[in-house]
Amino acid sequence: MTTTTTARKEPVRPISPGAARVPRRTGRIRRASLPYLLLLPALVLELLVHLVPMVIGIVMSFKELTQFYIRDWGSAPWSGLGNYRLSVDFDAPVGEALLHSFLVTVGFTLLSVVLCWLIGTAAAVFMQDTFRGRGLLRALFLVPYALPVYAAVITWVFMFQHDNGLVNHVLHDQLHLTDKPSFWLIGDNSFYALLTVSVWKGWPFAFLIVTAGLQNIPGELYEAAALDGAGVWQQLRRITLPSLRPVNQVLVLVLFLWTFNDFNTPYVLFGKSAPEPADLVSVHIYQASFVTWNFGTGSAMSVLLLLFLLVVTGGYLLLTSRGRRTTDV
Amino acid sequence: MRSIRAAAVGAVTMSLALAATACGGGSSDQGGSGDSPKTLTYWASNQGASIAVDKKVLQPELDKFQQRTGIKVKLEVVPWSDLLNRILTATTSGQGPDVLNIGNTWSASLQATGALLAWDDENYSKIGGRDRFVDSALGSTGAQGKDPAAVPLYSMAYALYYNKQILADAGITKPPATWDELVADGKKIEAEGKSVIGVEGANVSENIHHVFVFAKQHGADFFTPEGKPDFTNPKVVDAVKQYVDLMAKDKIVPTGDAEYGQNQSVSDFAKGKQAMLLWQSAAANLKSQGMSEDAYGVAPVPVRSGVPGTGAQTNSMVAGINIAVFKNSHNVDGATKFVKFMTGDAEQKILNKAYSSIPPVKGAQGDPAFNAPATAVLKQTLATSAAALPQVPSESQFETAVGTAVKDLFADAAAGRTVTTDSVRAKLEKAQQQMPAA
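Protein chains in written order, with the UniProt record's numbering: chain A, 1 to 329; chain B, 1 to 438.
Keep in mind that the hints were calculated from the coordinates and are not lab data. The beta-carbon is built from N, C-alpha and C at its ideal position, and this holds for glycine as well. Take the hints with a grain of salt, since some may be wrong.
What the hints assert, rightly or not - Quick list of the computed label-pair ranges, beta carbon to beta carbon:
#  : chain 1 : residue 1 : chain 2 : residue 2 : range
1  : B       : D131      : A       : I154      : 33 to 43 Å
2  : A       : D72       : B       : A369      : 43 to 53 Å
3  : A       : V114      : B       : A312      : 52 to 62 Å
4  : B       : E76       : A       : I56       : 21 to 31 Å
5  : B       : P79       : A       : G74       : 23 to 33 Å
6  : A       : H172      : B       : P79       : 46 to 56 Å
7  : A       : N164      : B       : D131      : 47 to 57 Å
8  : B       : G306      : A       : G57       : 38 to 48 Å
9  : A       : A139      : B       : E76       : 37 to 47 Å
10 : B       : Q262      : A       : G57       : 42 to 52 Å
11 : B       : A346      : A       : A146      : 48 to 58 Å
12 : A       : V312      : B       : K249      : 28 to 38 Å
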């Protein structure tokens, strides 16, 4: 949501002023306004699709929008910063729950992104050399990414079941790693269940992007490095990773945003009320608005989340691009 | 030059058209609010074993209605998981069905939104008057002192379903009538290697239905008479603890049930894995899962002592479905006719038989089908010992907050942590703090 602010550059005037021999005012205006007219449909669509809902969401966050007003939400009383105050009052239960959920989400996102990137990159590097069945393996790796989210996650729900689930069958019945079957969908383990599914679903994307990035590294670099006596590890460290830098910069950001905002995975895994250890902020906000019918507070939380993601994205881009500018000289 | 102008004109028209359609989107008739008086849109709740079953039950009746009135009813069966969200969305946008089913516990909450047509005396007289309906069912149609937001359609009650064979094997001659007897019988059943009774620990609504009844049996309520949440009332805490203790202390509920949320406990019972089940009007559901009617018996839900009745002897919530008219409907007249049709004696008999529920209409209750042993218990419960869930605007928040607290407590019990009065009170206190201040 936050990455879609497409940069609209000032249109270049297509005809230089001297080109028209007889400068008629109307004609010039007409010609000068043409690019803007052509841009108008895009602008209107952009407004309708992106900005209007966002603005409405922000307006909602300043209203006391409960079940008593949703039918005619124009009549809902303004609550000023009340919804925000409620959301960030970390001593009160609502704010405390939001903070907890936020911290869970940060921890979950960091772990998930790191694991997705590590597994994806490792797989991509291993798949670099040609061998029999490489195409098949690559296709297989992409399956989790290609599956419809709901179908994939509901399968995991079955596998994580306490009584008949495959996970407990393997861990407990066959490998005897636990004294008794564990619960994966409720209680403390739910965090790991969520992380597992998220990584399983996310790493193929990292794999795909890194594989594409690897194709752009000229083979001569490796040959030269090999002639200079660099081992595999050194080649990886000195050639592969630096060359992948721009790819990784985007990849990590996208993974971060996707994972942080992911709603489908926790919702399908846990339903409307997620267990506390896996209470991701997206479901938390859903619960705060839809399930408790308080859309004002829900919107305020969403706006806070948006601000946080904007700050993180801005800071990240600033840091990484500055770093690149100095190294690219 | 001409082509430039053409392009410019095209661009302007296109953007205008886009803007116009976007603004006009609100008034177009996509939800089927029905500008023409000859059609109605009806959202039915999922009552049968599947949505297909519901369509099969309802479509012939809708055809009958069309024959009589010339009004065509477009049916959509909405799964329970989506129904409330769909209603909320319809309320916000004003684009919804003409007639819809609601869970009767939502009546007061939805009434507060003002989205549903109020059933004042005039409207009631159009469908034959309020007197046609059973009192207990009318008690779940909206907040007290306000015109009801809905009309009772199907009534249901909780009962104790027991597997005759398993009880006989354990040497139990009659189903338990009190919780102590249930626990004692449970030990005998466990000795036979069967599990005793199931709960849907992760199903927020199921949890609410049960802890509400337990609270009644402890002589307490989740809300004060003024409608304020009172979740930490010591008696409420005891009641919730007693329910969770079925797993935590009495150990007659398998720990695996803590994550049940998709009616797995019904399957366990239907497959003969479990001796007992507390469920509302389960007959049709059990039949669809292949359990023969001879295999199980139906008894009233246990009480703490004595026999079911009012007050502390309450042993069920008034469960059921109400039918409501969406205020924004363009065809309120046709919608009212449809409600009259659905709550008529003849249709009530047909529909309630198909769903193994009890008609909330007095005139239909006399049908012998509702006096069969299984349904007689439900009917008796509804008439004498069922209480309506609190009819307060914040009911749906209460379901979420307290239902989740109970779910967490079951998760604790399943993980082997001890569930104490303090831990129960802490969870309920947190739930209460999440309730809206109003």
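Now for the hints, and whether the structure bears them out:
no., hint, in the structure
1, D131(B) x I154(A): 33 to 43 Å, "48 Å, violated"
2, D72(A) x A369(B): 43 to 53 Å, "45 Å, holds"
3, V114(A) x A312(B): 52 to 62 Å, "57 Å, holds"
4, E76(B) x I56(A): 21 to 31 Å, "27 Å, holds"
5, P79(B) x G74(A): 23 to 33 Å, "32 Å, holds"
6, H172(A) x P79(B): 46 to 56 Å, "33 Å, violated"
7, N164(A) x D131(B): 47 to 57 Å, "51 Å, holds"
8, G306(B) x G57(A): 38 to 48 Å, "55 Å, violated"
9, A139(A) x E76(B): 37 to 47 Å, "40 Å, holds"
10, Q262(B) x G57(A): 42 to 52 Å, "33 Å, violated"
11, A346(B) x A146(A): 48 to 58 Å, "53 Å, holds"
12, V312(A) x K249(B): 28 to 38 Å, "47 Å, violated"
Hint compliance for this structure: hints 1, 6, 8, 10 and 12 are broken, all remaining hints hold.
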